[in-house]
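Please model the entire structure based on the sequences and the hints provided.
2 protein chains.
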Amino acid sequence: MEATSIINQLRYLAKWSLLASLVAVLAGSASAFFLVALDVATAWRESYRWMVWLLPLAGFAVGWLYLQLGREVEAGNNMLIDEIHDPKKVVPLRLAPLILCSTVVSHLFGASVGREGTAVQMGGALADQLTHVFRLRREDRSLVLMAGISAGFASVFGTPLAGAIFGLEVLFVGRMRITAIYPCMLAALLADQVTRWWGVGHTHFLSAPLGAPAGPLWLALCAIVAAGVVFGLTGRAFATATHGLAAWMKARIAYAPLRPFIGGVAIAVFVGLAGAVGGGLEVHRYLGLGIGPMVEAFRVPLDWWDWLGKFVFTVGSLGTGFKGGEVTPLFYIGATLGNALAPLLQQPFALLAALGFVAVFAGAANTPLACTVMAMEMFGPEIGPYAALACAAAYMFSGQSGIYRAQRRDAAR
Amino acid sequence: MEATSIINQLRYLAKWSLLASLVAVLAGSASAFFLVALDVATAWRESYRWMVWLLPLAGFAVGWLYLQLGREVEAGNNMLIDEIHDPKKVVPLRLAPLILCSTVVSHLFGASVGREGTAVQMGGALADQLTHVFRLRREDRSLVLMAGISAGFASVFGTPLAGAIFGLEVLFVGRMRITAIYPCMLAALLADQVTRWWGVGHTHFLSAPLGAPAGPLWLALCAIVAAGVVFGLTGRAFATATHGLAAWMKARIAYAPLRPFIGGVAIAVFVGLAGAVGGGLEVHRYLGLGIGPMVEAFRVPLDWWDWLGKFVFTVGSLGTGFKGGEVTPLFYIGATLGNALAPLLQQPFALLAALGFVAVFAGAANTPLACTVMAMEMFGPEIGPYAALACAAAYMFSGQSGIYRAQRRDAAR
Chain Y
1 MEATSIINQL
11 RYLAKWSLLA
21 SLVAVLAGSA
31 SAFFLVALDV
41 ATAWRESYRW
51 MVWLLPLAGF
61 AVGWLYLQLG
71 REVEAGNNML
81 IDEIHDPKKV
91 VPLRLAPLIL
101 CSTVVSHLFG
111 ASVGREGTAV
121 QMGGALADQL
131 THVFRLRRED
141 RSLVLMAGIS
151 AGFASVFGTP
161 LAGAIFGLEV
171 LFVGRMRITA
181 IYPCMLAALL
191 ADQVTRWWGV
201 GHTHFLSAPL
211 GAPAGPLWLA
221 LCAIVAAGVV
231 FGLTGRAFAT
241 ATHGLAAWMK
251 ARIAYAPLRP
261 FIGGVAIAVF
271 VGLAGAVGGG
281 LEVHRYLGLG
291 IGPMVEAFRV
301 PLDWWDWLGK
311 FVFTVGSLGT
321 GFKGGEVTPL
331 FYIGATLGNA
341 LAPLLQQPFA
351 LLAALGFVAV
361 FAGAANTPLA
371 CTVMAMEMFG
381 PEIGPYAALA
391 CAAAYMFSGQ
401 SGIYRAQRRD
411 AAR
Chain G
1 MEATSIINQL
11 RYLAKWSLLA
21 SLVAVLAGSA
31 SAFFLVALDV
41 ATAWRESYRW
51 MVWLLPLAGF
61 AVGWLYLQLG
71 REVEAGNNML
81 IDEIHDPKKV
91 VPLRLAPLIL
101 CSTVVSHLFG
111 ASVGREGTAV
121 QMGGALADQL
131 THVFRLRRED
141 RSLVLMAGIS
151 AGFASVFGTP
161 LAGAIFGLEV
171 LFVGRMRITA
181 IYPCMLAALL
191 ADQVTRWWGV
201 GHTHFLSAPL
211 GAPAGPLWLA
221 LCAIVAAGVV
231 FGLTGRAFAT
241 ATHGLAAWMK
251 ARIAYAPLRP
261 FIGGVAIAVF
271 VGLAGAVGGG
281 LEVHRYLGLG
291 IGPMVEAFRV
301 PLDWWDWLGK
311 FVFTVGSLGT
321 GFKGGEVTPL
331 FYIGATLGNA
341 LAPLLQQPFA
351 LLAALGFVAV
361 FAGAANTPLA
371 CTVMAMEMFG
381 PEIGPYAALA
391 CAAAYMFSGQ
401 SGIYRAQRRD
411 AAR
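So the sequences go chain by chain: Y and G. Going left to right, the first sequence walks through residues 1 to 413 as this note's numbering numbers them. Going left to right, the second sequence walks through residues 1 to 413 as this note's numbering numbers them.
No lab work stands behind these hints: they were computed from the structure. Glycine included, C-beta positions come from ideal geometry on N, C-alpha and C. Be aware that one or more of the hints could be misleading.
Claimed, not checked - Some chain Y residues well away from chain G (every beta-carbon gap over 12 Å; in silico): (1) L93; (2) V133; (3) T203; (4) L233; (5) L245; (6) W248; (7) K250; (8) V312; (9) M378.
Said to hold, decoys possible - Here chain Y is said to cover these stretches of chain G; the calculated rule only asks that three of the stretch's residues, wherever they fall, bring their Cβ under 8 Å from a Cβ of chain Y: (10) 220-234; (11) 283-295; (12) 300-313.
The following block contains the structure:
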């Protein structure tokens, strides 16, 4: 055991402790600001329901902003993943305010989008500015970006471990780079603390601890695996539909700002029609993040097609170019789909909602481990093995592709 | 989304559900039997302390057994890892009784060895018998072996998720093969259930839930990282010392059974001398698994050199050829080292003992994720981020090599 190698490791430790702490302060503060802005935007939209009529204009504004300022960062999460695999040029700082404003505008006027994309991109863009300050080398840059992704994810959802593992797991389908564990872990852990330090909390979905699955264990496990398969196929259908709609729009409409404009028109018309038909169909629940309906999914039976409504609204929003991310809508789709499957599979609502919450996302993003750990952080450690099984099954059925096109693939899956 | 691909996936699901269940029944039952045998052997040795005088003969017997029946399986865990990377021939079934008997004999007469090697090798050997029964192809064989490792590890420690991740993580240093997640996860989860179904339980180390770290968070995190570095260096020293002693013995003593004989003589003489000097030094605590002292490490301050005693006895036992495994002694070394560091770092005993428990092993085995999840399964989810940080730091300082020589390495670490 040579002393020089230990001294080198200590220098590495000091360097990455400093860099990861800086990444955490930047990304955690950005997430805190973003979460507060989202809360305000959501409260506003829920108070003034007519704002959805302006969604086409909001879409045009978002598309126009990206056309003027963001052509090189349009790819969002995929651009970050590409930069980590093959570092070329520093992510421009303006990506952070650009994605922040676009997401808040998207939510304010009722697009059905998420928030992890925004947090991850702000984390990545802010982290990458350290490249200038410290004149980082190529390999260090890719580690800083990974730490930024981990920090953004951890702080926006309040799940430090899941955030760290997400940053390690999202780069590849089917394998994982563990060497970056220290920077990612420290950045995730601290970023979550920074967000909490700003006084920003996270939703608690469970009203009581999750119980064990119902019935004999082998039958419960069969039910969980079956649900996992359905969750995985749903995640796959979501990724396919979103990419498909985006490609279809691009092929037909050359002027980018028109695409989210048309998406906004479609959503507003749909909301209007549903309102005119009246009564049964409460479509406002499908706008924005949908935290409220998600909480319901853990407690009471919902309409069996509730997940499908969110699916359509989200594909319509993201596929036409609104900004924010896929994850929170996937949580919604999973939780409500789990809610719908619970009576069929004779399992408790809360358990199936919790499993769907993480497993649809695990399938769509090819990140079964991060999602398993996320389930333990959000719903308690007892769910660990069940979540792992559901996420593994979902991952198996989610197909070769996913929501992040830039993920590298092994030859064998 | 083509129907044929989904049908193929369903067939894959059915096949691996069946195979993983069979692996789980075999490995879980073997672990249950093994744990009961270990309990009996430990109780016996603690009642009849003179049995340690027979340790040289026990060592000779173990060495002779392997010389007659086990030359091709001598490499133990490393042989399994090699077979997964490069499948050649089926692991002989006799490995299971061979490692079982050798381990129980080693424990009965007081060698300081573990139990994960035995559980993992029984799991692997039993699982590999399915290769004949189902005429599995090469790739399937390597999956079955991974499932066997996961099942053995999960059932012997009662930590299903950590077992599953261990099976995925142990093959490589620095990356992880996630494709096998479903078979490994199902086998681990069910094997743990099978062991419990046989009425075999596991030690609970905590008497009360772990609290938060003491003092301001940033100072506590510095303390945890510093402890992680020490844990990693200790794991590294352990791997180096064990391999070094084994190589040294092999170069000097050609007749294999003589090596554990000499190791047994050394240990017995040491125990005798310590008894003659009397009073202070209670060396019987270093024999066998050492569950009792480990439980103490979570509750009361111990002698600062307690970890060193276990270190010496274990290197002396494993390096000369006793059988069992490294993990439980590494738990002991880590927990008591954490106990010794706690007052220096001004942190609670239980927290530092829990972190040392997993982090020395994480460093020595290059499995930081499995160890993080193990900490959550054994000590509660709150420890997750701290365990992750300690394991990541330990992993960073554990060097290029580890207790499992057959692990493949990436070029860059």
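Worksheet item: Is Y:L93 truly not at the interface, in the sense that its beta carbon sits beyond 12 Å from all beta carbons of chain G?
Response: With a cut-off of 12 Å, Y:L93 remains clear of chain G, as the shortest Cβ separation is near 27 Å.
Worksheet entry | Beyond 12 Å from each Cβ of chain G, as asserted for Y:V133 | Holds, since 21 Å exceeds 12 Å.
Worksheet item: Do three or more residues of the segment 283-295 of chain G come closer than 8 Å to chain Y, measuring C-beta to C-beta?
Response: violated (count 0)
Practice prompt. Beyond 12 Å from every chain G Cβ: check whether that's true for Y:K250.
Written response: holds, 21 Å
Discussion item. At 12 Å, judged by beta carbons, does Y:L233 keep clear of chain G as stated?
Written reply: At about 7 Å from chain G, Y:L233 fails to clear the 12 Å cut-off, so the statement is violated.
Worksheet item: Holds or violated: is the Cβ of Y:W248 farther than 12 Å from all Cβ atoms of chain G?
Response: holds, 16 Å
Item to complete: Find the nearest Cβ of chain G to the Cβ of Y:T203 and say whether that gap is larger than 12 Å.
Response: Consistent with the label, Y:T203 stays out of reach of chain G, its closest Cβ about 18 Å off (over 12 Å).
Discussion item. Verify this for me: three or more residues of the segment 220-234 of chain G with a beta carbon less than 8 Å from a beta carbon of chain Y.
Written reply: holds (count 4)
Worksheet item: Per the stated criterion, does the least C-beta distance between Y:V312 and chain G lie above 12 Å, as a non-interface residue requires?
Response: holds, 17 Å
Discussion item. Over 12 Å from every CB of chain G: does Y:L245 meet that, or does the non-interface label fail?
Written reply: holds, 15 Å
Discussion item. If I take the minimum Cβ distance from Y:M378 to any residue of chain G, is it greater than 12 Å?
Written reply: violated, 10 Å
Worksheet item: Count the residues of the segment 300-313 of chain G with a beta-carbon closer than 8 Å to any beta-carbon of chain Y: does the count reach three?
Response: violated (count 0)
This entry does not satisfy hints 4, 9, 11, 12, going by the numbered hints stated previously.
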